[in-house]
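Below are the chains, spelled out letter by letter.
There are 2 protein chains.
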Amino acid sequence: MGEKIPHWLDKQAFLNPEKTALETPEGSAYTFMELQEKSRQMAHYLIRMGVEEGDHIAFLSGNDIHFPVFIHAVSYIGAVVVLLNTRLEAPEISYQLQDADVSRLFVQSSFTDTALRAVENTEVEVVEFENVPPVSSPEGALKKEIDFDAPYTMMYTSGTTGKPKAVVHTYGNHWYSAAASALNLGLTPDDKWLICLPLFHVGGFSVLIKSMVYGMSVYLMDKFDENRFHEAVMNKRVTHASVVTVMLQRLLKRTGSSGYPDTFRCMLLGGGPVPAVLLKDCSAKGIPVFQTYGMTETSSQIATLSPASAFDKAGSAGKALSLADLWIDSAAPGEIGEIIVQGPMVSKGYYNRPPRQEAYIHTGDLGYQDADGFLYVVDRVKDMIISGGENVYPAEIESVLSEIPGIKEAGVTGRPDDRWGEVPVAFLVAEDQTLTDKAVHQYVEERMAKYKRPAAIYWVRELPRNASNKLLRRELLSLTGGENS
Amino acid sequence: MGEKIPHWLDKQAFLNPEKTALETPEGSAYTFMELQEKSRQMAHYLIRMGVEEGDHIAFLSGNDIHFPVFIHAVSYIGAVVVLLNTRLEAPEISYQLQDADVSRLFVQSSFTDTALRAVENTEVEVVEFENVPPVSSPEGALKKEIDFDAPYTMMYTSGTTGKPKAVVHTYGNHWYSAAASALNLGLTPDDKWLICLPLFHVGGFSVLIKSMVYGMSVYLMDKFDENRFHEAVMNKRVTHASVVTVMLQRLLKRTGSSGYPDTFRCMLLGGGPVPAVLLKDCSAKGIPVFQTYGMTETSSQIATLSPASAFDKAGSAGKALSLADLWIDSAAPGEIGEIIVQGPMVSKGYYNRPPRQEAYIHTGDLGYQDADGFLYVVDRVKDMIISGGENVYPAEIESVLSEIPGIKEAGVTGRPDDRWGEVPVAFLVAEDQTLTDKAVHQYVEERMAKYKRPAAIYWVRELPRNASNKLLRRELLSLTGGENS
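Each protein sequence line maps, in turn, to chains F and Z.
Under this note's numbering, read the first sequence as residues -10 to 474, first letter to last.
Under this note's numbering, read the second sequence as residues -10 to 474, first letter to last.
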């Protein structure tokens, strides 16, 4: 039996009623008590719309101040919320809605058109959640407790199979992730965490939970902008932020010769390898960078490297956090093998997939630990591309490309890119020699989010494969002597 | 199913190998890695002595540096440790050993005589645990995980029944207590918590667990001493300490006109009501006092008042910590009733007693909450006396007094005392008029810890009782017109 604790928003509204829970650069702000009131109001509205405990509902919204209100409302009802990536195209959304058995899709009005296209020929109802009418009489009883064992969120991720699958997070997963982070980074009453990552990803979402678990203020940006970020650090007493490499590079340019004030104590940096020169520049400007390793399945960071070790252990993602266990599936200590993780923040499994039998998960990433136990991630088993902080799965893109009439085979890999870190590029074997780049791009545009679309198409005679006919994605780039579009 | 996490001492030895885990005023110190090594060594020794997972073993020791080593060794084996109060007399220990089904009693050598008397006519084995011989070859496998659901400690407490009963704490109870405290008080890498409370009580013990959960340094004193405490705060960078009122009064005198440095950020004050003048003096000297409410059953503090509210809410014990729920069993909001508490730090029950059916516990204390939700403890349903930080239960003392041949009835209550806050005093109805004070004192001395022994004996003709013949302990002091010894 999992633990139950008092509802975390009720608790913070009780402990810190007048403290700022949320603020935005545009000047909106809610205290914990106001956030509680808005969220309970929204919960009553959802109940009126027919949402019940255990229902699967989807949510399609940018980083609006309504986002936290909505997700807390869900927690008062005990429904499960599927967080949709706003960059997805209608067919991608449609797949996720069906796979997750969603009954209702709540959308920010700017996404209504996409949503309506996504639910065509389904029974999913689309509801705009903004401008909730006042609910004069409370509808139904709201939950008073958080049940650590209950499912709360689903976030889609892809693997080697090509089809995205939903990672199910319980309240306990999110709570322990927040607790482990505080035990690592420390905690003070003045902490204020800036969010510029999408809230529909675990990296952004987890900060909303930290706010509940710590009673911490959140500075919520609708999207990353280096000027507004800089302003928030310099003048708004922001103490923490979560970023990906491409953002940090832009921030560093923005700081000019000056550094950050001492009040800023943690730049949590996720999403892949970090150029050494970037760390050096940050160090020179007094920007404390904590490199992390984590994934949707681990409810955000599971290993973190402190700034103190950034140079001694250059390239490392640090050590597993206090509640987590991490080891390498290798023949001998120090050797490279698959990274295995375990802990109460690790998702119990995927929706609609066979349950995992083990307590631990195979991350699909390759790495090793040095003699001091520091983790080095050397490669992704999945061949995952990280583009501007978004995970891009070659198999998913290949699956769409292979559907195009006239395409015989498709291979996708990442190409280094100054702006995004990496971008996907496609290698196609044509059956129909009249097929054009334009036709391919057009097909893809209707079906895939922009960040997944190949930045370049290479027509080749055959794809590199090993003896068992497995595609060797690492060798694709060596074919770029071929025709480049 | 409860959560499992990596063994907390192994984890801290991995994360912070060179950090000081423990230091004493005498100059002993262990890093986390040394503490791990000593504790694992002790675990192998215990296994060699025959201790197995699930065994109940007892531990009788002062605040020695071996104490943490021993309790961590126990956690590597999965045995359950009964922590004995070193002030108990042999018959009291004997009762606890039998009630708790203890097989072995490990003692500090200064308590060997008492221990041997306590185990007379039992099969309990007494083992001196100091000077553990080096175990050249490891014996048996040590646990790699902490299982939140597994029982870890038993601590005896009394209630209205007169017979002490063992509060069973799981690892989860202790872990959540530590987590809730950090979420309330904050956490920094420089935290160093001074222990001057006995480690066999939950107030001292809980700091050893905090050290494991936070990777925090502990400054361990064998007993309270205001000079050494003062020295530690002024020159050893101690940041936190847990004390009871009588200690704080002595500390305040010791500080003279100077205050404490800014590095000292939390004086956690438990054990009953606090004189307003004491708070005022502390405030004037910049000593940040956090008043708390808690008990063995809640694994230490469950509500805490921050210094910021100390005067606005004078007399309050604050609000329930973030993981805990607390309410008053009363007819209307604001009215006095029994205090009810619930949360993952609350013990699931007593050993050898029927399991509790509810998730919450009745504390036996009376209190109310003001309009802002602050708790005020107004009285103890149990008539508990708090003497120098020790809980003293009238019913337990009455039970011993009533055994004396020639005593017809006994009533015990607390009398205010300048030094100890309160002391127990006894009201006796004699059958045998020749019975002397001396005979009573002698009987008691052989059977009860010093702090429980009546400071005064009053011979009375009858005890105040209500219509249902229930003893009215509150009215006893009004009888002191009788003969006073």
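Since the hints were derived computationally from the structure, they do not count as laboratory data.
Ideal Cβ placement from N, Cα and C applies to all residues, glycine included.
Don't take every hint at face value.
[What the hints assert, rightly or not] Using C-beta positions, here's what the derived DEER-type ranges look like:
{"hint": "1", "chain 1": "Z", "residue 1": "A348", "chain 2": "F", "residue 2": "A265", "range": "26 to 32 Å"}
{"hint": "2", "chain 1": "Z", "residue 1": "R106", "chain 2": "F", "residue 2": "A130", "range": "56 to 62 Å"}
{"hint": "3", "chain 1": "F", "residue 1": "K133", "chain 2": "Z", "residue 2": "K133", "range": "32 to 38 Å"}
{"hint": "4", "chain 1": "Z", "residue 1": "S467", "chain 2": "F", "residue 2": "K133", "range": "52 to 58 Å"}
{"hint": "5", "chain 1": "F", "residue 1": "R345", "chain 2": "Z", "residue 2": "M223", "range": "34 to 40 Å"}
{"hint": "6", "chain 1": "Z", "residue 1": "E327", "chain 2": "F", "residue 2": "S126", "range": "29 to 35 Å"}
Right, here's what the structure says about each hint:
1. A348(Z) / A265(F): 26 to 32 Å: At roughly 53 Å between Cβ atoms, A265(F) and A348(Z) fall outside 26 to 32 Å, so the hint is violated.
2. R106(Z) / A130(F): 56 to 62 Å: 59 Å, holds
3. K133(F) / K133(Z): 32 to 38 Å: 37 Å, holds
4. S467(Z) / K133(F): 52 to 58 Å: 44 Å, violated
5. R345(F) / M223(Z): 34 to 40 Å: 54 Å, violated
6. E327(Z) / S126(F): 29 to 35 Å: Distance hint for E327(Z), S126(F) holds at roughly 33 Å.
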